[in-house]
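*Asks:* Heads up: the protein sequence lines correspond to chains G and R, in order.
Using the numbering used here, read the first sequence as starting at 329 and increasing by one per residue.
Using the numbering used here, read the second sequence as starting at -5 and increasing by one per residue.
Don't read these hints as lab results, they were simulated from the structure.
Ideal Cβ positions, reconstructed from N, Cα and C, are used throughout, including at glycine.
Among the clues, some could well be false.
[To be verified] The calculated lysine to aspartate or glutamate pairs, modelled on EDC-like cross-linking and capped at a C-alpha distance of 16 Å, are: (1) 64/R / 345/R; (2) 176/R / 368/G; (3) 118/R / 510/G.
[Stated by the list, open to error] Which chain G residues face chain R? A few, computed with CB under 7 Å, are given here: (4) 410; (5) 429; (6) 451; (7) 454; (8) 540; (9) 563.
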Amino acid sequence: MSLSLRPALVVLGLVCCATVNAQSVLKLKHSASMSVAVQEPSDLVLIPGSVPPRFLVVSDNGYVAEILVDGTLVRRSEELAFDLEGALLHNGDLMVVDERTCRVLWLDTATFQVNKRLSFPYGGGRNKGYEAMVWNPVKQRFLLITERDPVLIVELDTAFRVVNEVDFDRTVRDISSATWHDGHPWLLSDMDMQVMKCDPLTYKVLERYAVPIINPEGFAFDGNGNLYVLSDDRQRLYTFPFPPQRAD
Amino acid sequence: MIASGSTPSHSLRNVQIRSILLFVLASCSWHSLKAQLTLGDGDHVLEITGRISTYYNHRFLKDGEENRRKDRFRLRDAQLQLEGRYRNSINYELQFDVADFSQSATGLVDPENVGLMDAYVTFKSIPHLHVTVGYTKLPYGRSSQVPFIYSPYWQRAELVRGDLFSRRDVGVMLSSSFWRQKATVYAGIYTGLGELSLRGDNDPSGQPEYLGRVEVAWPSRYRHRDIDDRLTPVPMFALGANARYTDKSQPAGQLLPAFAPGEYGIKVIDGKRSAFGADASMQYKGFSAQVEGHMLRLEPRNANSALFRGRSADETGGYVLAGGFYGQLNWFTKKYNSILSARYEELNLNDLAPGIQRRFGAAYAYQFRGFDCMLKLQYWQVLEEEVSVDPLRWSEQVRIGIQYLFK
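If we strip away everything but chain R, and leave its shape as in the complex, we get (with noise of 0.2 Å):
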């Protein structure tokens, strides 16, 4: 019913308005009125969470650099999670971030911070093979693979941040696990655009990407986590090993859409792509640590690609590598509630351009309340740079902030 004297407009927000109180009223209304995190008829529970996040950031800059606009405050995540289980044969999610919105609306997308996170559903009917279907984390990199939730950092290594590659992408996985859990086979048919595939249409190839992981632990099943915060009691390693394919060469007088390429323009090629990575992992005792490594293969379509770096095919063979590869070692000491951790990578963003760029990283975390509740300091140093594909204005960074998680 429309009140006296207001607009449709009017009546409709309120409606909404209360709606969303209703909603809160009724999400708080159990027993001795404790958050109602959970919800469910016995068959169906769908579970409501989220997290907030906000850091300082200040940048050291390079002589004679004068802009300041990475000093800054920033919200980094403003997250709502609904997860959801149908008896045993269907998990589903849907995740988003409000503050990653503003920033996708202007075209940019930072692969770490895209907005929609996951949107999937997996039908687990099917005796020991789930099925995934939607918007989610491609099985493609350990470290894609570990919920930021769980790293003393503010941002994952350049490597695997989803610069190179893509994070996510619409598409279906199909996933098996035996040996008790021990392994764990990944396979992959997706977009290929990564996380500009929420736009909605395919390049003008209309090609899919195509993936596949495995994962290999022992003694046990090995969680994807980067730290060690139970102090295993014996040691356990974890190895994988993935590769991904697609051939988005370009019908005539067609071009990628834009921003595909991404910040090094090697994310999507007019050409063909293939990529190879491995990685290993380690915990024991509090003390645990993660390598892992990624090699990129292009052959772009046209001769004249950029990425040649105007050398001839004799040269270049028809194609430029790519790639890198990151360490990092993590001490959790549940006396103090802390987390300390230092990380060295390496990147070559083109092989047939002079330079590799080399940082070195380190993070301090303290848990009021586990990861729930933490403060995060991280430090970078640009060791080297390869300037003549990513030059920086800056030589050293720190971000300090609070994670909070409710949950």
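Extracted from the complex, chain G is given alone in its bound form (with noise of 0.2 Å):
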């Protein structure tokens, strides 16, 4: 075989080898974004009963901030910790989750004041550790949920102790936010760009939704039929029309 003819059959076997990657899960298209006047949004709560809807949101840099629908800013916290991850509303309580000192902040929804602070060490990479909290009303857990490498699901009781944990399922890279809706736990993967429902005894994954933008970091249901995603990358909040209607 002459030299000037092997670069082409490796590029020529490189493109045989592409195949197309075909996905099983059910794809939604947005239809609102709106630009979210906080710094690296990295989850977000809805705030009950708003209409329309506020939110909770938090920043990697350390701070919480209301904001509307459209991504207007009402009010934002001072620098209350150094890289927030993931938030809960539980009974009036706002809990904030810091991923690089692996604490748990419970702050006064009305102020922004710190009321309580608990370590829950864990020794994952820095950028691997809790990225999600969310609780669930079925098994009475609080769930601490680190991103990735492995994404395991700690159970705490109500008092805050650890109980169990759980591997989630390997086949998901990462996980960047958690919530409850509808009687389960919903999951979003950051680098599989999905939201998935889970059973919420197992946390088996049940139904897998694809949410197609840049780095997914936050999502909330508000129960009308709208399920809102929050980009960190873009600053951008997405309203996506759920559940989807299927094309057949």
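Each of the two chains sits in its own frame; use the hints to bring them together as a complex.
*Replies:* See below:
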């Protein structure tokens, strides 16, 4: 074989190896998107009963903000931590997760004052720590979820003692947010760009939906047919009709 | 306490061994004996990671060549990385490769495998401005900024691997990001000796090197990565431009330090040296592409410099040009945990010398566990040589091995 032919054959081989990466998940299409006046937003929770919807958003820069559905800033806290990645509203308390220090902070929702702070030591990589928190009413457990390598669901009882650890689906590369909706825990994967409906007892993935946006870091359902997904890199809030209407 | 019958050196060694064992045990003792990769006290968090990679290299030699010393296994990386954060005001990093130290001790410096890789502190207290002090990667060229662990290749393109211009140095860098991190500006001042700056002294000229770089991305911030492992749902683009300048004209009777000029004799010269470069990158649904080019203008102080190839000043105008470009196409498939890549590059190491160098390369990587555990296969072919500057004994090369990251 002449030397000059070999590069062409190598390229041909690479092209021949290429096959379409079929998606087995239903792809969602957003109906609106708004710029968010929060730097590096990393999670959000819907304020219950707010009409039009308002959200509490946490930032990678360590502060909490309240925004309108159009992304407008209503108010923001001072810097409370270093790398806030998860948020949960539970019985009027706002709990936020600082990934770097493995801490959960309890905030007064009206003033954003820190009322309590607890550490949940975890030895994973600096950017692979706790990324999400959600309350599971079926098991009466708080769930602290690590980002990746591995994705661990750490169950806490109401006294915030660790009572169980569950390995999440190994085919999911990471988790960036979690929420509760319609009787199930839902998880969001940034790297896989999917929201997943999970079994409340086993956390097995029941349904998957693709959210084709860059760097999705937070999400929430409003119960009125809307799914809101927050993009960190783009600092935008996307609205998806949900559940989606199937073409067939 | 020195045990009976043991020498002080033995005792010291025992203490060192016990210290290491204690550190390892402490690092593994959390809760369910998970690997302890981060240590923290709330304000200060330290992450410990590392990498081991080994490959087998085979060269297809030209007819008549018999020396097969490059057909061998090689421990490419045995790295430890300590990366820390103090509150939101300070970042620091210490990264070194013990596999490279023995080679560096011989005096030869492989710019891609230098031993000490990072030793810097970044201060972030000033709003919108980061100040980095120490030894680290230079803000020159996009490829150089991409961590090697995210590449399917075993070697960077020849143009950007550090033989034409240095990739690391000691100095001070200012950087600032804006437009939601879609744009970043860098400016720095460095010793100018590149990786050789670790030996301590500057060259007899005592002159520094100045660098600057601008990056712009759309529609969002674009990380320094070559492979689109996230299958980006909308096309993303990044453009960069950079420049550097130094005047290392040596005082009368003085010489540049040994090895400073590098593999091709143009990395540091006795004279003025300017470099300009531009790069572009895009990614979309697993496909990605990069292109990068650089032009070096060399103005040797001495009219008899070998860089002039014996030509008169009238012919050369008093300067020599060198440079080139490379382009790379990549495809990531999550379904098959695989990366495929092809690369083409052209180099002109001296415009006064006849010919150019052209190379083709391809790579395949299979991810057992993302980039953390990856089989990598690289193929090179030399399409054309610049024989008068860089004659080669081989025509093709294959390298296969495993990269493992503990992080």
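*Asks:* Within a Cα-Cα threshold of 16 Å, do residue 64/R and residue 345/R meet the stated pairing?
*Replies:* Given pair residue 64/R, residue 345/R is violated - Cα atoms ~30 Å apart, limit 16 Å.
*Asks:* So, residue 563/G near chain R? Judge it on the closest CB pair being under 7 Å.
*Replies:* 5 Å, holds
*Asks:* Is the interface hint satisfied for residue 451/G? The criterion is a beta-carbon contact with chain R at less than 7 Å.
*Replies:* 4 Å, holds
*Asks:* Given the hinted pair residue 176/R and residue 368/G, is their alpha-carbon gap at most 16 Å?
*Replies:* Holds, because 12 Å separates the two Cα atoms, which is no more than 16 Å.
*Asks:* Answer holds if the nearest beta-carbon of chain R is closer than 7 Å to that of residue 429/G; otherwise answer violated.
*Replies:* 5 Å, holds
*Asks:* When the nearest CB of chain R is found for residue 540/G, is that gap smaller than 7 Å?
*Replies:* Since the shortest Cβ distance to chain R is 3 Å, the answer is holds.
*Asks:* Is the interface hint for residue 454/G satisfied, with its Cβ closer than 7 Å to some Cβ of chain R?
*Replies:* With a minimum Cβ separation of about 4 Å from chain R (threshold 7 Å), the hint on residue 454/G holds.
*Asks:* Classify the hint on residue 410/G as holds or violated, based on whether any CB of chain R lies nearer than 7 Å to its CB.
*Replies:* 5 Å, holds
*Asks:* Regarding the pair residue 118/R and residue 510/G, is the alpha-carbon distance no greater than 16 Å?
*Replies:* At roughly 43 Å apart (the allowed maximum being 16 Å), residue 510/G and residue 118/R break the hint.
Violated hints, listed in ascending order, are 1, 3; each of the other numbered hints is respected by the structure.
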